[in-house]
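Peer 1: One-letter residues, chain by chain:
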Amino acid sequence: MSKKSLLLLLILSMVAVACATDTAEEEVVVEDEHDHEDHSTLEEVLERGFVKCGVSGSATAFSETGADGSITGFDADYCYAVAAALFGDYSKVEFKSLTSAERFTSLAAGDIDVLIRNTTWTQSRDTELGNDFGPTTYFDGQQLMGRNSDGISSSSTLADIDGLSVCTNAGTTTEKNITEGAGLVGATITLVTVEKFSEAMDKFIAGECDIVTTDGSALVGRRAVNDALNDWSIFPQSPISKEPLGPVYRSNDSAWGDVINWVVYATIIADEYGVTSANVDSVDTDAFPELGRLFGANDGELQTVMGLDAKAFYNVIKQVGNYDEIYSRNLNPVGLFREGGANDRWTNGGLIYAPPAR
Amino acid sequence: MLGKVLKNFDIRTFWRDVRFLKWAGQVLFLILFAYSLVLFVQTGINNLQSTNIPFSFDFLGDTPGVSIAEGFETLPDSGLRMLHVGMFNMIRIMIGGIIVATIFGTLLGIARLSSNWIVEKAATSLLEVVRNVPLLVQILFFQAFLLSFPRLEERDRGEIMFHVSSKGIAYPWPERQESAFMFFGFLLLTIYLARRVFKWRVSLLEKEGRDTNPFLWSFLTFLILTFGNWLGGYKLMGIIGLISGYISTVFDSIPSIAYQALFSVIAVVFAFRYIRKQIRNTDTGEIRGILSDDDYFRIILSGVVAVFVVLLMFMPFGQNLTYFLEGDELFYKSNWGMPQFFDGIAKRFDFNISGPPVIMSYPEIVQAGTTKFTRYSPDLGKVTTVGYFATWFGVTLYTAIFISEVVRSGIMAISKGQSEAGLSLGLRRRSLLRLIILPQAFRVMLPPMGNQYLNLAKNTSLGVAVAYPEVVAVGQTLYNQEGQTLPVFLVWMIFYCSISLSISSIINYYNRKMKIVER
Amino acid sequence: MISNNKFFIENPYGRWVRDNLFSSSSSAFLTFFAGFMVIYSYRGIVGFILNPERMWTSVTYNMKLYMILAYPDEAMIRVWLSVGLALILGGLSIGFYNSGKSISLGGIFQKLFTISAVIALLIALAPTNTNVIQNDGSIEAVEIIPQDVRMLILGPSLVLTLAFFFLRNIKIKNLFNTAKVNLTYFGLIIGSLYFIKIPTISLDSSGERIIPDPFLPIASTTYIPWTILYVGMLLFFFIGSLLKNKDVKIMSRLIPIAWFLCPLFIFSWIFKKPLVELNTVFSADIPSILVFGIIGFLIIRFSDNESIGVYRTPINIGFFILSVVVFLLPLVFIFKATMVLLLLLLVVSPAIATTKEGKRQLFIVWVVSLFVLTFLIRGASSDTMLVTPTGSIFGGFSLTWLLAIFGTYASFPLGLALALGRTSTLPVIRIICTGIIEIVRSVPYITWLFFASVMLTVFLPAGVEFNLIIRVLILTAFFSGAYFAEYIRGGLQSIPKGQYEAANAIGMNPFQRIFLVIVPQALRTIIPTLVGSVITSFKDSSLVAIIGLFDILRIGTSVIPAQSQPVVFIGRNLEQLVFLSFFFWVFTFVFSRRSMKFEKRLGLGER
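So the sequences go chain by chain: A, E and V.
Here the working numbering is used: the first residue of the first sequence is 2, the next is one more, and so on.
Here the working numbering is used: the first residue of the second sequence is 7, the next is one more, and so on.
Here the working numbering is used: the first residue of the third sequence is 40, the next is one more, and so on.
If you're looking for bench data, these hints aren't it; they were derived computationally from the structure.
A few of these clues could be false.
To be verified - Per the computed footprint, the stretches of chain E lying under chain V, defined by three or more beta-carbons under 8 Å from a beta-carbon of chain V, are:
{"no.": "1", "segment": "391-402"}
{"no.": "2", "segment": "482-495"}
Stated by the list, open to error - Taking lysine-lysine pairs in the DSS-like style, the calculated list, with each CA pair at most 25 Å apart, reads:
{"no.": "3", "chain 1": "A", "residue 1": "Lys93", "chain 2": "V", "residue 2": "Lys103"}
{"no.": "4", "chain 1": "A", "residue 1": "Lys93", "chain 2": "V", "residue 2": "Lys312"}
{"no.": "5", "chain 1": "E", "residue 1": "Lys28", "chain 2": "V", "residue 2": "Lys536"}
{"no.": "6", "chain 1": "E", "residue 1": "Lys127", "chain 2": "V", "residue 2": "Lys536"}
Claimed, not checked - Quick list of simulated restraints, FRET-style, between CB atoms:
{"no.": "7", "chain 1": "V", "residue 1": "Ser80", "chain 2": "E", "residue 2": "Phe347", "range": "33 to 41 Å"}
{"no.": "8", "chain 1": "E", "residue 1": "Arg518", "chain 2": "V", "residue 2": "Ile142", "range": "51 to 59 Å"}
{"no.": "9", "chain 1": "E", "residue 1": "Ser56", "chain 2": "V", "residue 2": "Pro535", "range": "54 to 62 Å"}
{"no.": "10", "chain 1": "E", "residue 1": "Ile97", "chain 2": "V", "residue 2": "Phe75", "range": "33 to 41 Å"}
{"no.": "11", "chain 1": "E", "residue 1": "Arg440", "chain 2": "V", "residue 2": "Pro535", "range": "54 to 62 Å"}
Just so it is clear, CB atoms sit at the ideal spot from N, CA and C, and this is done for glycine as well.
Just chain A, same shape as in the assembly:
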């Protein structure tokens, strides 16, 4: 028996144990901290010093990962806004990129504090799965897209897709919606379900699928980028499903929920008054008392009661911007515009509306 083998043996076992450690020890995140009755997520987040925000990480214009690993987009901006409200510094966010299958487990387990990952507000998700939904930040709906050159137009209906092959992405309600919708009008379709929407688009562009279906926003976004010939039409006019997208947090945590809700409302109210990050410093708080209350005049009593800094919402607008800024910065480049749609101001006939700040 050589001593060399012995030495090797000892090292081997050591390696084994060290690995076991790496797997076991690193993650004994014992979750006593998530006793929701006693501790609010708000206290926990403030103590921690940054907010953990669940996003998609690969959804164009909503949350995409840049070349340097940073995350940008509409959803990501709302994460930044929450951080700005809590800490006065928008960069205090830790993103978690989640798949659609794991997002709710991740939230329930306390892996993330808030989920802003184009998530549809449904009854079962709100009740059964133990989540609460914040105000809707984007009103979406499932639509279909086809080619004009194939005889599709924006006035086509579901009955026109009889016998066609349709691509969609998995893990969401889209497969069920299209199956049900086609079944109602008696159309037989070949449904090709792929993992990610970008794959569905590849198949549509290549021609494996005649029609592609998912949330209207994604369709418009891709049409703006890829449709060089203006050949693609989105139909039917009114979406086949309602998909209100907004932030999600755990149930029974109203202090935390209020913070999220009012961050969203603050951006909407600022938009109503036309206050942007550029002119927020020069806003006349005396002329508009609601803005004064929101931005921390009169000691910012409304904010301090919530457990926030008096200047919390001022910071949101200053560092991230109002709803319109967030929207146009992220969604205009991919061809999604507010005018005339569901996401316009309520005064213009849209659905974006916030309760008053007083």
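Please arrange chains E and V on chain A, whose structure you already have, making use of the hints.
Peer 2: Just chains E and V now, with coordinates in the frame of chain A:
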């Protein structure tokens, strides 16, 4: 026996007795293992109950409401049927893959030993490329490759022989007709008879020493019978249908409790016979006449298994099993069962069926729907979809590469003397390979080949990445709808275990058969 | 006919052509057929890559994302240190294990001749045009390699080919060490980073894209680190050569151990930047080292004491029970881990610590192991100080490595345990181990990954939450553990029965027999297979992309094709797939080739 143990019992040396220590250790291990397993499962059940999705198999009977891209049914009305479609799709790829990968892999293996420089280099570079790139990347690449073909346009419409587009590959295919099952049944019978004739002529040759032309005889038998078969001889197979019809009625009329009782009795009888055999046959241990540890263990185990089976039979599992055997509607709307099975056979083997077994069918590009869309006609010819092609081609090529390595090392393992002997007998290179090298190499190659087939079967699960609805993809769709992740996983596990078991038992069967030839 | 031509009989090249390409009519047919296929696919590939529709900047611009996802910029030095450590160790081992093989100048020119001839041939065969599908569906040929560019490359390479052809017969006696020559080649590759230019995307200060995009040298931002690392590698190569010349024996043990520990050290300390609190070091680590050091010392000191002989079994059992108790108690993890090591020491010490020298060496090994173990565990179990926007410091290629290496490491002890269980004579243990191995092996890896991603959390007690990477590592350990077990079983069965009998004859107990006699020999026979399975783990790690981990494949197929800012890369996934295939291919190919050569040199796997 027990008395002897008791007589030698001494409390002071008891704990140093090796036999005691061994068994105590094992029992301790078993208890620890069982305890941790129970703990694991218990935690799982508790956690599931606290979420709102308790563990249940009910989703197998619910309508999933999602249609799937391809398979024998695209809008299944129960979860079980949906999984069934997925399993069938997986098996389709597996069988096609195994056949092509074996042929291509063998050719490639021989090419790598070729004396032709460019052939050898080309084969080796193909091997080095395919072996060193992850299969998933390759499958994604083949999908992208097929998608890069032009789309189907209105101007393409019409009958075609062979066509590739981004919708897939269309080619002529012998379409199975009503009589196909009977025809192939008769064909199997024909092959069996031809073999019997061959053996009979060979034995005659050995006995009488004159040339009895065994090959000619058996070939003629085959030819004549197949000709008769084509002309309608397959109608004979209707007898099978007739019998199946009766069996179906019999299965239909047996009450469910009979099955439960029958299985229990079978389990007990088997266990009893096994134990008796072990006790009688005590020479497996190191010392004759005394039961070894292993024997004791086998006896105890078979007893436990028998009791377990009996218990299982009278629990919900047993009831479900009888639903299956009875073909009850309650078995998750599947309409599966023994009566249905035999009924199906009876329908396919009927005296009244006539006509040719297969008809060549040519693909056609037709209009789809009411607009300018075009597609391959689903009823004519054969259409391979993009997902199927990418998965099948990916796993086949990948496995073929590994099979070529198996073939190469198998051939190299045959000693050089064998080929020299063959050459000195005046065999040509090709006959040498066919008659001397390959049969011997086959024996060496079989076990690793079986491993490659198993890998192929498992690798088909990567179809999930290219939207091919095999069993994993379909299961994923199901649990996305119903939230029942764990039951779906159990179905996957049972399915893959049985696939693995069947492949390895086939390989083992051939392995044993080859071994007998060895002297 | 070809065989009658004088050229094909007398000229050596002619004879080679006749024998290897046209030995028979079928061979000639095969030659033309295979040649056609090869050229056709080569032209297809080149046409595909140079097609103006491809946007290769989507690959080059995202290279950092591919490698390290969102690792913070200010800590980049740690990434370079990690790479550097591996390179330095590589240099050291090349120097130390230098076989002393040499190559003559003529041999070098022969190689260069082959390379330049192949390049010239490839350039000559490259297609001029490629087909582009227009928007209206028609297909148009586009020129990709203009004639003047082709000539510009073809001319010099032909000249070089000719020059090398004549130079290779040069009669110079000077011999060059192969290792040094190879290092020079590597240096040339590093040097080429300064010259070879590729298209990139450049942004101005406000983040707007500047068009037209410039051509910049490959790795325009990284050639300085690469150069430094290369110099370090050279330095350690010479140190290694020096040690070899001085005949320092201990290095032949230290280098493999260093290779073994290097990834652990990199991942637990260098790459991670752990937040180590001094009071835990004082309250847990140092006491643990002291306590176990003393216990180890006592065990070694008294292991051959005759008066203890009778009580050996009770002592062993006592220690075993103690370790189980320690495992169940809520103690610091370091105690539990070291306890396992202590059990091993207990088993081996009676066989080793028989002489004074043996005791001394064993004690040194024990103390060093204690320190290294504590050090690694402290690093691994501490939180990281790095803050990344994505929450995990592992992503992209670093995640691929993490999965491949830890998958292998963690599965090794598990595989060994399962293999020992399966070959055991105890029926209960054998059946359980066989069952586990067979069930785990017969279900595909991807289903286990789905289990890790959506089902494993269900089975964990309330309050314990692993993140996805850890869950995947656990399942990977099980999966490759089951595969390892089968390899190891093969190794165990190859041990002749005489070894068992000999071990029994000198009075070893079963543990000693297994750990001192059987396992070391079995491991030696299966090392080639193990290297193969590291490569398999490396390839298999790409499957985690399906369950949503941001490994290199998912970045390529899902993250980059979704980027719309600052440059639109939406839908660019063909480029990524080609790049990934090439990338994986280079790594696995080089790795398998190197390991094969290394195995031969060490004489591993041969008995």
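Peer 1: If a hint holds in the structure, say so; if it does not, say that too.
Peer 2: Hint check:
no. : hint                               : verdict
1   : 391-402                            : violated (count 0)
2   : 482-495                            : holds (count 5)
3   : Lys93(A) to Lys103(V)              : 23 Å, holds
4   : Lys93(A) to Lys312(V)              : 20 Å, holds
5   : Lys28(E) to Lys536(V)              : 21 Å, holds
6   : Lys127(E) to Lys536(V)             : 44 Å, violated
7   : Ser80(V) to Phe347(E): 33 to 41 Å  : 48 Å, violated
8   : Arg518(E) to Ile142(V): 51 to 59 Å : 52 Å, holds
9   : Ser56(E) to Pro535(V): 54 to 62 Å  : 56 Å, holds
10  : Ile97(E) to Phe75(V): 33 to 41 Å   : 37 Å, holds
11  : Arg440(E) to Pro535(V): 54 to 62 Å : 38 Å, violated
When each numbered hint is compared with the structure, violations occur for hints 1, 6, 7, 11.
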